[in-house]
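Peer 1: In case you want the letters, here they are:
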Amino acid sequence: MGNIDEILAADDVRARLARNIDATLVDISGSGTLIETSCHVGVGTTGVLHMVVDGAAYADDVRVVRCEAIGATGLRHQVGVEFLWPFRAVARQSLRSIGMRLWRGGDVTGYMEVPHQVAETGAQPESPGCAGPDNSE
Amino acid sequence: MRDRRSHPRFVLGRMRGCKLHAAREVIVEETDQAGLVVISDLHLPVEEGVTLDVVGGGHAGTVDATVVESSAVVCDGTIGYRLRLQRR
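Order-wise, the sequence lines are chains A and B.
Anchor point for the first sequence: position 84 equals 84 in my numbering, and the numbering is continuous, going up by one each time.
Anchor point for the second sequence: position 24 equals 1024 in my numbering, and the numbering is continuous, going up by one each time.
The hints are simulated quantities; they were obtained by calculation from the structure and are not laboratory data.
All values reported here derive from a predicted model rather than from experimental measurement.
A hint or two may mislead.
In the SDA-like style, the derived pairs of lysine to any residue whose C-alpha atoms are separated by at most 25 Å in a straight line are [said to hold, decoys possible]:
| no. | chain 1 | residue 1 | chain 2 | residue 2 |
| --- | --- | --- | --- | --- |
| 1 | B | K1019 | B | E1047 |
| 2 | B | K1019 | A | D22 |
| 3 | B | K1019 | A | D11 |
| 4 | B | K1019 | A | A56 |
| 5 | B | K1019 | A | D5 |
| 6 | B | K1019 | B | G1056 |
| 7 | B | K1019 | A | V48 |
| 8 | B | K1019 | B | D1064 |
| 9 | B | K1019 | A | T73 |
| 10 | B | K1019 | A | R19 |
Turn these sequences into a full structure, and let the hints steer you where they fit.
Peer 2: Below is the structure:
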């Protein structure tokens, strides 16, 4: 780690601007997730998606593949992200592994608590357990 | 979109509290003691807290900063944003 001013003065300086964006997880698959944010996130943006459930942290490297304003005000955005690397999926803390296990019809208990909220898109939660795939668009 | 997805999607309810640590490459235009100016292809709102990861001269470092000014500029024929950052 060098002095910041020396680094910034270097001829070959490269920089990456990072920010934390609050998000709500809408759905998940083995290849990516859909989240909602309060700001636009540019397509091609890379980063790490973090989530904490019952004190356990989950994360995955992701890339934004689409971002669309939703609602009349346009203040909310739906952001589609794809998982970048498969390596994290072997870890218990991987978001991707959750999607993959759901896809295979596996029990996600122990990986992540999937309580009563599990439900079809747009429907009110009715029963616990996995509601199955949602391929509608 | 039906039939185009490689993996089916599952709904886990509305799980709030997620954070996306998002990063974009930027060009450092000016630096001084108070802050620095970068050119980004994305607009960022004033007062947004950001982290600037920099590498240069064989070293790497991080600067915590706040966006204090954002204005549109034309860079190489495309619209970009000139962000003035104040170090925290």
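Peer 1: Evaluate each hint against the coordinates.
Peer 2: For each hint, the structure was consulted:
Between K1019 of chain B and E1047 of chain B, the direct Cα distance comes to roughly 18 Å. Compliance with the 25 Å bound is thereby established for this hinted pair. About 5 Å separates the Cα atoms of K1019 of chain B and D22 of chain A, which keeps this hinted pair within 25 Å; it holds. For the suggested pair K1019 of chain B and D11 of chain A, the alpha carbons sit about 34 Å apart, so the restraint of at most 25 Å is broken. For the suggested pair K1019 of chain B and A56 of chain A, the alpha carbons sit about 14 Å apart, so the restraint of at most 25 Å is met.
Only pairs whose Cα atoms come within 25 Å are accepted, and K1019 of chain B paired with D5 of chain A is rejected, the gap being roughly 30 Å. With a C-alpha separation of about 29 Å, the suggested pair K1019 of chain B and G1056 of chain B falls outside the 25 Å cut-off, and the hint is violated. With a C-alpha separation of about 8 Å, the suggested pair K1019 of chain B and V48 of chain A falls inside the 25 Å cut-off, and the hint holds. At most 25 Å may separate the alpha-carbon atoms for a hinted pair to count; K1019 of chain B and D1064 of chain B meet this at roughly 18 Å.
For the hint linking K1019 of chain B to T73 of chain A, the alpha-carbon distance of about 22 Å falls within 25 Å, and the restraint holds. For the hint pairing K1019 of chain B with R19 of chain A, the CA-to-CA distance comes to about 10 Å; that is within 25 Å, so the pair holds.
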